[in-house]
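Engineer: Those protein sequences? They're chains W and Z, same order as listed. Using my numbering, you'd call the opening residue of the first sequence number 7 and step up by one each time. Using my numbering, you'd call the opening residue of the second sequence number 7 and step up by one each time.
Simulated from the structure, these hints should not be mistaken for lab results. Just so we're clear, the structure is a prediction, and the values are computed from it rather than from any experiment. There's no promise every hint is true.
[What the hints assert, rightly or not] For the chain W half of the interface with chain Z, some residues (derived, Cβ under 8 Å), not all of them:
| no. | residue |
| --- | --- |
| 1 | 207 |
| 2 | 348 |
| 3 | 355 |
| 4 | 367 |
| 5 | 441 |
Ideal Cβ positions, reconstructed from N, Cα and C, are used throughout, including at glycine.
Protein chains: 2
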Amino acid sequence: MTPEEELHPDDVQHHLREVQELLARQKLVEDLVHRQDMPRHELVESLVHKQHVAELRSKLDSLHPADIAYILEALPLEERLFVWDLVKAERDGEILLEVSDAVRESLIETMAPEELKAAAETLDADELADLAPDLPPEVIQDVFQSLDHEGREQLRAAMSYPEDSVGALMDFDLMTVREDVTLEVVLRYLRRFDELPDHTDKLFVVDREDRLKGILSLESLLLNDPESLVADVMRKEVMISFEPADDADDAAQAFERYDLVSAPVIGPDKRLIGRLTVADVVDYIREESEAEILSHAGLREEEDIFASVWDSVKNRWSWLAVNLVTAFVASRVIGAFEGSIEKLVALAALMPIVAGIGGNSGNQTVTMIVRAIAIGQVEQSAMQRLLKKEISVALINGLVWGGLLGILSWWLYHSAALGVVMTAAMTLNLLLAATAGVAIPMLRQRLGADPAIGGSVMITALTDSGGFFIFLGLATLFLL
Amino acid sequence: MTPEEELHPDDVQHHLREVQELLARQKLVEDLVHRQDMPRHELVESLVHKQHVAELRSKLDSLHPADIAYILEALPLEERLFVWDLVKAERDGEILLEVSDAVRESLIETMAPEELKAAAETLDADELADLAPDLPPEVIQDVFQSLDHEGREQLRAAMSYPEDSVGALMDFDLMTVREDVTLEVVLRYLRRFDELPDHTDKLFVVDREDRLKGILSLESLLLNDPESLVADVMRKEVMISFEPADDADDAAQAFERYDLVSAPVIGPDKRLIGRLTVADVVDYIREESEAEILSHAGLREEEDIFASVWDSVKNRWSWLAVNLVTAFVASRVIGAFEGSIEKLVALAALMPIVAGIGGNSGNQTVTMIVRAIAIGQVEQSAMQRLLKKEISVALINGLVWGGLLGILSWWLYHSAALGVVMTAAMTLNLLLAATAGVAIPMLRQRLGADPAIGGSVMITALTDSGGFFIFLGLATLFLL
Chain W
7 MTPEEELHPD
17 DVQHHLREVQ
27 ELLARQKLVE
37 DLVHRQDMPR
47 HELVESLVHK
57 QHVAELRSKL
67 DSLHPADIAY
77 ILEALPLEER
87 LFVWDLVKAE
97 RDGEILLEVS
107 DAVRESLIET
117 MAPEELKAAA
127 ETLDADELAD
137 LAPDLPPEVI
147 QDVFQSLDHE
157 GREQLRAAMS
167 YPEDSVGALM
177 DFDLMTVRED
187 VTLEVVLRYL
197 RRFDELPDHT
207 DKLFVVDRED
217 RLKGILSLES
227 LLLNDPESLV
237 ADVMRKEVMI
247 SFEPADDADD
257 AAQAFERYDL
267 VSAPVIGPDK
277 RLIGRLTVAD
287 VVDYIREESE
297 AEILSHAGLR
307 EEEDIFASVW
317 DSVKNRWSWL
327 AVNLVTAFVA
337 SRVIGAFEGS
347 IEKLVALAAL
357 MPIVAGIGGN
367 SGNQTVTMIV
377 RAIAIGQVEQ
387 SAMQRLLKKE
397 ISVALINGLV
407 WGGLLGILSW
417 WLYHSAALGV
427 VMTAAMTLNL
437 LLAATAGVAI
447 PMLRQRLGAD
457 PAIGGSVMIT
467 ALTDSGGFFI
477 FLGLATLFLL
Chain Z
7 MTPEEELHPD
17 DVQHHLREVQ
27 ELLARQKLVE
37 DLVHRQDMPR
47 HELVESLVHK
57 QHVAELRSKL
67 DSLHPADIAY
77 ILEALPLEER
87 LFVWDLVKAE
97 RDGEILLEVS
107 DAVRESLIET
117 MAPEELKAAA
127 ETLDADELAD
137 LAPDLPPEVI
147 QDVFQSLDHE
157 GREQLRAAMS
167 YPEDSVGALM
177 DFDLMTVRED
187 VTLEVVLRYL
197 RRFDELPDHT
207 DKLFVVDRED
217 RLKGILSLES
227 LLLNDPESLV
237 ADVMRKEVMI
247 SFEPADDADD
257 AAQAFERYDL
267 VSAPVIGPDK
277 RLIGRLTVAD
287 VVDYIREESE
297 AEILSHAGLR
307 EEEDIFASVW
317 DSVKNRWSWL
327 AVNLVTAFVA
337 SRVIGAFEGS
347 IEKLVALAAL
357 MPIVAGIGGN
367 SGNQTVTMIV
377 RAIAIGQVEQ
387 SAMQRLLKKE
397 ISVALINGLV
407 WGGLLGILSW
417 WLYHSAALGV
427 VMTAAMTLNL
437 LLAATAGVAI
447 PMLRQRLGAD
457 PAIGGSVMIT
467 ALTDSGGFFI
477 FLGLATLFLL
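Okay, chain W solo, but in the shape it has when bound (with noise of 0.2 Å):
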């Protein structure tokens, strides 16, 4: 890179772009060669080809593993596997950090054992823990190995913790210093590292046993007088510490609300055992924002957008089956009513009306209460003071929408009793979306399920079902 190059937040759009001109050119020069028949081999001697391949691999080279895994990403299996392939061995471990876990895959498949083990052995612990669900069981046993009595402890803790906790979040990077003595011996023992670990913004102040007494921001160590006792100006109240079986949800919003950039973790004892730090909080959060968008539209994960159409079935077809149950179930219920049809067909143009609103209605009520359940805002105790402002909201938008397609029911079919059946029928179907909005995530917390999950698809089901019945069942009461 030159002196004096600056990164702007979209070059990885530019390197993205200067890498798919390199691989064109390289097909280029292939097509051609294939084109006069000549053999593989002398392609891949050819001075072109290596000269195509050596500017990408230094392209490569001086790029940051984000945006390599960013770039990988957005490219066609194909190219990039040949991309992959260009990448120094050495860094393949903290790419393979960085990619999604579909692409991950993608690439995992290609690696041999060996591959796998020395990419895996430039890992931190809590980096491994990350890695070893995607790795073959005999390459994490290998790693194992090679590792030291330390590194295996870490990774055994760092692996025991389940997905959504602090403990599967937390690395091992930990500056430690002892509380008796000066700031001066703190900036001459740090002096001694060539770096200190990313996002350090404080050092942790412990005993002989590790226990955690205080905290040392290198703001205290650089403002205060290096004279000073580090006990003197370690912060000792107030400390925000996790521990690894905390939620890792509750430790983003303390993040989030405290702005943190680190946090000690403690064990038993208050025993010193790791760090959290914003990074690893904000990868968290933008999965977790990304996990729900996704499982709004039932697709189980990220899908990789080069993946194949076999993958792409499979991460869709559940929610495709489940939605085919709960449709069949509904046109049961309008098969039961298919006499009252046959004399009235324009209760079969006018149902879907009844049972869609409800669904957006019963839809827009599930988001409130799964999002203020989420932010911890709603006790279970204001169950019934939330239930009475939905009904009531249900209730004006039962009459005024209600109403309207009321009248241009009774206009469209010059019959004003069609036209109230119509309006009752919204009204009373937008009641049980806003009771079932209110109640499924409720229940499903109380259950001890997670309130976000299942909860769309479940009023969905019961808007459209109730609504068949509701407004065919008032129709063949009143109407017939």
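Place chain Z on chain W using the hints.
Structural biologist: Same frame as chain W, now just chain Z:
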């Protein structure tokens, strides 16, 4: 606070419960007094009341502003305002910054202009800019007058950038040094301060014209020999910097990719004008993902869960109105085939399945494409490839699930022809959903609109009307 007290991630829940308890006790006394017909002013004078209020006040004084904000959001309006009155006036500003928009409005409504002005004057220019849209114009005018020249310039700058730009997120807490001094001089300079700005992980090296020459991380300041010159240890190359007009999304991705804590914002001539910190980025990421999740359900903004029924109706009505229109259109499509339904009433029961599954499948495609566009991985040129893949997925799903439903229909209605029509309609509607699911977000992007917005409504509208039309049309052609 007692020394050695620690904050745990879910402490804010305990705080909330404590405050609620104090409020409940307070209410008990009030009720008692009320039943004895004691006049209100005597209550306020009463010892018990004073004691409760003092307890609550001291509890609030001990809390972090973000925690007070959290508690205010979790309390119903009356209790919220009671608590708000007890908060020390000089903390009003920072708390107003922390609460959600809806709650901020409810608090500002009750404050006198002088109170608002006093609160605003405790804030920095970038914080003021965040609050300004919610303040009455005369308050902003007054605050603006009270600022010094630099403050006015900063406020003007911060307010001039669009909401989703780096300029709107940056702050002005810059620590700058010159390149021709030694680290020892920098260290002595820093010791003159009582504190560093939050999230200071680096100092900015500038020349006399405030042009950014390099970056001196606290790490290199600490690890290098104090006799070294700043110019020799500062980082000159691969500095990541932003411009105020840069897209906040790109900046957030850069922070995530390169694990940044802070980064300089530079104007024309590389002049340093501000700073972006990971705290701002985390808040931005959270807000964006909230907005995306809310918009899926057609909620315009986060609703204060204790908002009035009327506010909720306003927040939700526009989405229901749009859906009403699309549902009405779909209903008219059915209306056009009333003759066919009258002859074969089974069509009425089966048609919602075709429409519903199409909508679900289309939403999966839209979600996938929108996410791929958001992370910048889809060039317009990839459209054809993606389309091909989505169509293949749709074809498989259509034949499998459509086939299954065809068999079910055949079995239910003893008509093989009906089963074939069902399968064909499902497949065609899924193909329509796949095509539109790729095309809608891509076209919106090409037209410069946000591909994430409205895709779900459009696809559902299309697959509903389209599904009814295809199924009833095929049935009319081949069955009647």
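Engineer: Taking the hints in turn, state whether each one holds.
Structural biologist: Tested hints:
1. 207: Nearest chain Z Cβ about 6 Å off; hint holds.
2. 348: holds (5 Å)
3. 355: OK, holds: residue 355(W) within 8 Å of chain Z, min 4 Å.
4. 367: holds (6 Å)
5. 441: Constraint on residue 441(W) not satisfied, violated at 15 Å.
Of the numbered hints given earlier, the model fails hint 5 alone.
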